[in-house]
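Residue numbers (the UniProt record's numbering), protein chains in the order written: chain E, 1 to 785; chain G, 1 to 203.
Below, computed lysine-lysine pairings styled on DSSO-like, alpha-carbon distance capped at 27 Å:
(1) E:Lys459 <-> E:Lys434
(2) E:Lys689 <-> E:Lys706
(3) E:Lys208 <-> E:Lys220
(4) G:Lys161 <-> G:Lys114
(5) G:Lys154 <-> E:Lys402
(6) E:Lys460 <-> E:Lys346
(7) E:Lys246 <-> E:Lys316
(8) G:Lys49 <-> E:Lys562
(9) E:Lys398 <-> G:Lys154
(10) E:Lys562 <-> G:Lys59
(11) G:Lys49 <-> G:Lys154
(12) G:Lys59 <-> G:Lys49
(13) E:Lys393 <-> G:Lys154
(14) E:Lys726 <-> E:Lys617
(15) G:Lys49 <-> E:Lys398
(16) E:Lys563 <-> G:Lys59
(17) E:Lys320 <-> E:Lys246
(18) E:Lys460 <-> E:Lys562
(19) E:Lys617 <-> E:Lys706
(20) E:Lys304 <-> E:Lys246
(21) E:Lys186 <-> E:Lys166
These are calculated hints, taken from the structure and not from any lab test.
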Amino acid sequence: MAALESPPKLSGAPPPREGAGGSRCSEISTELIRSLTELQELEAVYERLCGEEKVVERELDALLEQQSTIENKMVSLHRMGPNLQLIEGDAKQLAGMITFTCNLAENVSSKVRQLDLAKNRLYQAIQRADDILDLKFCMDGVQTALRNEDYEQAAAHIHRYLCLDKSVIELSRQGKEGSMIDANLKLLQDAEQRLKAIVTEKFAIATKEGDLPQVERFFKIFPLLGLHEEGLSKFSEYLCKQVASKAEENLLLVLGTDMSDRRAAVIFADTLTLLFEGIARIVETHQPIVETYYGPGRLYTLIKYLQVECDSQVEKVVDKFIKQRDYHQQFRHVQNNMMRNSVTEKIEPRELDPILTEVTLMNARSELYLRFLRKRISSDFEVGDSMASEEVKQEHQKSLDKLLNNCLLSCTMQELIGLYITMEEYFMRETVNKAVALDTYEKGQLTSSMVDDVFYIVKKCIGRALSSSSIDCLCAMINLATTELESDFRDVLCNKLRMGFPATTFQDIQRGVTSAVNIMHSSLQQGKFDTKGIESNDEAKLSFLVTLNNVEICSENISTLKKTLESDCTRLFSQGIGGEQAQAKFDSCLSDLAAVSNKFRDLLQEGLTELNSTAVKPQVQPWINTFLSVSHNIEEEEFNDYEANDPWVQQFILNLEQQMAEFKASLSPVIYDSLTSLMTSLVAVELEKVVLKSTFNRLGGLQFDKELRSLIAYLTTVTTWTIRDKFARLSQMATVLNLERVTEILDYWGANSGPLTWRLTPAEVRQVLALRIDFRSEDIKRLRL
Amino acid sequence: MSMEDYDFLFKIVLIGNAGVGKTCLVRRFTQGLFPPGQGATIGVDFMIKTVEINGEKVKLQIWDTAGQERFRSITQSYYRSANALILTYDITCEESFRCLPEWLREIEQYASNKVITVLVGNKIDLAERREVSQQRAEEFSEAQDMYYLETSAKESDNVEKLFLDLACRLISEARRNTLVNNVSSPLPGEGKSISYLTCCNFN
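Okay, chain E solo, but in the shape it has when bound (with noise of 0.2 Å):
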């Protein structure tokens, strides 16, 4: 095709309208070759026409030449023609092929369909004529089988009739023989209500012989009749004259337990022990039995009707602990102690610390019990709700939670453990004060006694709480611990500091005379005199700076406890104890904890600024003031002579060496170095005050960077900080009155500053500069700075 198209494309281009046909051939008519008169005229046309002929001819060969190649074409045309032809009716061919197919299909499926739903009904019938069949057999064989006493046999076949369709029997009714069948149902549903009954009836007897083969026997007969809450009932009250006897058993033998026996003073927690574990052990045995016979998500039903007893066990239990062990009355003595202005004698904490121990232990027997039932019955519920609603689940979560958490086992644990509370706290507070008033110091030590005394009962106590594992009672003592150290055990603390740091010169009586004032009042404010009082200046230093050190410990000991409870409760937690909450609470509470660790830290920082104002600063400032009487004004002789016998700085730095090392041998490290820090603060303050009121010469100005570089370097050997910051006025301050001339300010100054940053103002760059006595005061004020 392409082909036939192509010819008058290729020649369509040079001459215009070449092949539209051979009348208007030539732009030159007959007629007017006919007028032209003039023979040159005659032959342009000549020539024109002989041009014209010549492109016609070359045009006609063109064509010819193409002539075979179209003839070609045509011929394979031709023979196309009957091809079509033949692909036409072999396309109408298939396409009624297809439209039969297409039906051939559509009536086969049907008839599949047809085939399935005659096979369906075929087994419907199947069914029921086997369900017939079956209740036939039902009938005959429940007769038989009560005749031999083959009670699973009886019920098997009871079962069958029960799961048949209702719809069957009555089908059966309809049928020929109904009248015989409506008999053998009677008989049937007497049979039903007979072997209900001997089931029900051998099962008590068994039950009463306690014979559990025979018990086993008719409780799995009991959900083939479908009376599973029955025999869950039945069961579960068998179980339960067990677990009583031997409660009962236990709780005899504990009345008789001699109190010198090992386990005498936890015995209580023992007995409880000893009921969990049997009822456990009973959940152990059981739940197959219940799981293959009752279908999984009836164990709940089971442990509801066990957890009634546990609790009438427990009630038993818990009432002998607490007459035997007096838990109320000593509760009530507690409560008594902790009023303000008791007048009761006061009970003595350790007489508490044992019964304190058998009640966290009771509890934490009690958790653990609790957290095996629910991990028991919430992984049956999950077996049988695996295809059930949310809501079901829900539902079977809920009364999960109302069975464990409303329990009369919960409820009393959760009184033991209120009252326990109340109780630890007394112990905590009791044997913290008792700590402070033996609190003693050992020389040699950096703190005293009372400091790791009040830590190791802090850390028993919340380590008690933990032992209950109980979330609530956890958090709770850790609450009452930060109390405890946050105020009452900081106050202590707090007061001792209050008494300050004596001190030694007489121009410091006045100091004195306040302390001792201070004294009395922290005597008169925590209600008892201080009968070791301050015997002596030294004892009043040696018992400042312990304390200071004591603080320091305390919030150490505050981070390191948090730290410890932290690890020790990441096992609890991985248990799951205490619910999605319990990780959030604990954090809460230990974060309260941590925070007085800061409080410590702010107390130390107060007690050294005290020691800093009231010690250091009284000694300093008068080594620092002799600095004035040192003349800075000097000439070379005395520059000289300088050089060889200091007039200040080596006797300052020696006076600073005693002072301190006073301090290094009896203050912690960490403090000794904030100490230190301070002290160079201050002397770089009181230098600074001291300078301003010195006059200079340029020697003297010499000695001053002399003596500020020995000053800086002793400080650089004693302090970890860094303390050219803290002298950087002060270094400046000599830069400038070592100058030359005033106005070689100008090279450090400004533009000129290079790396350095001026803390000095420019008013007081020039205050420095009229230190010189030599520098004319016209050329500092003209200076521009």
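With the hints as your guide, set chain G onto chain E.
Here is chain G on its own, set in the frame of chain E:
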């Protein structure tokens, strides 16, 4: 603390007789739920809600305590660190109102003296069963110098207002404390207690 994204952190503790609706108030506020047939709270429950007040993020730690007597020693241990207490009673239960003085004694004994206490009469949706008149409650709260509000956790009446108003008051209280703390420098040995309530301002 500085790592977390809030400007203020406050501890609010709900107290009051059992069954007055403390848990429902907290649930309504924190989760927008009113769970019917709510069981008695065991020990303490703990919820957190962060709200924005005037462009500032306020994290509220809400401790919902059990009203039953046997949990008293647990709940009391939370009073001292509380910034605010919500003392709740049930307007349809005279008994819960009559117990209020006893609760106030507890607050007096255990809570910090800076604590803000709000009195809440809950269950106003059960107006037809009201046993405690609004006037009586208002008089009582006035005498005790407490803020008073009536709520319905069920109908969500005033619940949001209760917590948000409280948060506002806590913020202004915290601001005032920082000011006071900044002005007076601590006396030697006195140990200015810098509660986290004030530190969190620096976050």
